[in-house]
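Full structure from sequences and hints, please.
The listed protein sequences derive, respectively, from chains A and B. Counting along the first sequence from 1, when you hit position 64 you're at 994 in my numbering, and nothing is skipped either side. Counting along the second sequence from 1, when you hit position 70 you're at 76 in my numbering, and nothing is skipped either side.
Since the hints were derived computationally from the structure, they do not count as laboratory data. Remember, predicted model here, so these are calculated numbers, not experimental data. Keep in mind that a hint or two might mislead.
Unchecked claim - With the C-beta cut set under 7 Å, the calculated list includes, among others, these residues of chain A facing chain B: (1) Tyr969; (2) Ala1026; (3) Ser1031.
As the list claims (entries may be wrong) - 20 Å max Cα-Cα, derived SDA-like pairs, lysine to any residue: (4) Lys107(B) to Ser982(A); (5) Lys107(B) to Tyr969(A); (6) Lys107(B) to Gln932(A); (7) Lys952(A) to Met47(B); (8) Lys107(B) to Lys945(A); (9) Lys15(B) to Thr990(A); (10) Lys107(B) to Arg973(A); (11) Lys945(A) to Gln932(A); (12) Lys63(B) to Gln91(B); (13) Lys945(A) to Gln1008(A); (14) Lys939(A) to Pro45(B); (15) Lys107(B) to Lys939(A).
Stated by the list, open to error - Using C-beta positions, here's what the derived DEER-type ranges look like: (16) Asp32(B) to Leu940(A): 28 to 38 Å; (17) Glu984(A) to Gly46(B): 39 to 49 Å; (18) Lys20(B) to Pro948(A): 23 to 33 Å.
Ideal placement from N, C-alpha and C gives every residue a C-beta, glycine not left out.
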Amino acid sequence: AQRVTQPEKLLSVFKGAPVELKCNYSYSGSPELFWYVQYSRQRLQLLLRHISRESIKGFTADLNKGETSFHLKKPFAQEEDSAMYYCALSGTGRRALTFGSGTRLQVQP
Amino acid sequence: NAGVTQTPKFQVLKTGQSMTLQCAQDMNHNSMYWYRQDPGMGLRLIYYSASEGTTDKGEVPNGYNVSRLNKREFSLRLESAAPSQTSVYFCASSEVFGELKAFFGQGTRLTVV
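Here you go:
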């Protein structure tokens, strides 16, 4: 079975502060990990995926297989980063995405 | 540039009533999914359709049925609504099943009283 855990329901930081949204997963094979974001009144959309090793809107995430983690990081938070963030996993064998419970990021001015 | 369109956006039902949530995508995607989103539980997969003509149960299928009407449309039916089905429902599609990038609809907020 595959499982994604996001331990924080809410993360509140001030503008300019570093951000780390935690994500841990459980999966016996080689997972593919993603971060999805939902801004207020907008649909859920893909932010980034680990295989691309990309930085989107200043966010990065590194897959740590030893710690089974895929934390989302940004060195300097902006107010427009305020949103709901979901970590998701897709296992091998082409499975539908499994989502974590989400973390609401609040960036205060 | 519609992507994934869900109707209705909001719905209130009485316990025992039935309704169908509609979803259509215009990206020629093969796979479609229905998720429900509940506070503190994230998105949970209800049913999916890996390709036209096939449907399979996800994590929480009880109380729901689906129909993949054609490649574009994937509907979710509640035969006898229960308060536990109060949730926000999301439809999603991807080019192939399990593909990395899924596109989501804007959601349907359903309240069962």
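Quick rundown of the hints versus the structure:
Contact between tyrosine 969(A) and chain B, as hinted, is not supported at the beta carbon level, the nearest pair being about 12 Å apart and thus beyond 7 Å. For the restraint placing alanine 1026(A) at the interface with chain B, the shortest Cβ-Cβ distance is roughly 5 Å, inside the 7 Å limit, so the hint holds. Hint on serine 1031(A) holds. Least Cβ distance to chain B is approximately 4 Å, under the 7 Å limit. At most 20 Å may separate the alpha-carbon atoms for a hinted pair to count; lysine 107(B) and serine 982(A) meet this at roughly 12 Å.
Pair hint lysine 107(B) plus tyrosine 969(A) holds up; C-alpha atoms about 18 Å apart against a cutoff of 20 Å. Restraint check for lysine 107(B) and glutamine 932(A): satisfied, since their Cα atoms lie roughly 18 Å apart, inside the 20 Å limit. Our distance criterion of 20 Å between C-alpha atoms is met by lysine 952(A) and methionine 47(B), whose separation comes to about 16 Å. Between the alpha carbons of lysine 107(B) and lysine 945(A) the distance comes to roughly 30 Å, so the proposed pair goes past 20 Å and is violated.
Of the pairs offered as hints, the one joining lysine 15(B) and threonine 990(A) is violated, with about 33 Å between alpha carbons and a cut-off of 20 Å exceeded. As the CA atoms of lysine 107(B) and arginine 973(A) are separated by approximately 14 Å, the hinted pair is consistent with the 20 Å bound. Restraint check: the Cα-Cα separation between lysine 945(A) and glutamine 932(A) comes to about 35 Å, which exceeds 20 Å; the hinted pair is violated. At most 20 Å may separate the alpha-carbon atoms for a hinted pair to count; lysine 63(B) and glutamine 91(B) meet this at roughly 16 Å.
Restraint check for lysine 945(A) and glutamine 1008(A): the C-alpha separation of about 5 Å stays at or below 20 Å, so the hint holds. Between the alpha carbons of lysine 939(A) and proline 45(B) the distance comes to roughly 10 Å, so the proposed pair stays at or under 20 Å and holds. Straight-line distance between C-alpha atoms of lysine 107(B) and lysine 939(A) comes to about 24 Å, which puts the hinted pair past the 20 Å bound. At roughly 36 Å, the beta-carbon separation of aspartate 32(B) and leucine 940(A) lies within the given 28 to 38 Å, and the hint holds.
Between glutamate 984(A) and glycine 46(B) the beta carbons are some 30 Å apart, a value that contradicts the proposed interval 39 to 49 Å. Range check, lysine 20(B) to proline 948(A): about 49 Å between beta-carbon atoms, so the 23 to 33 Å window is missed.
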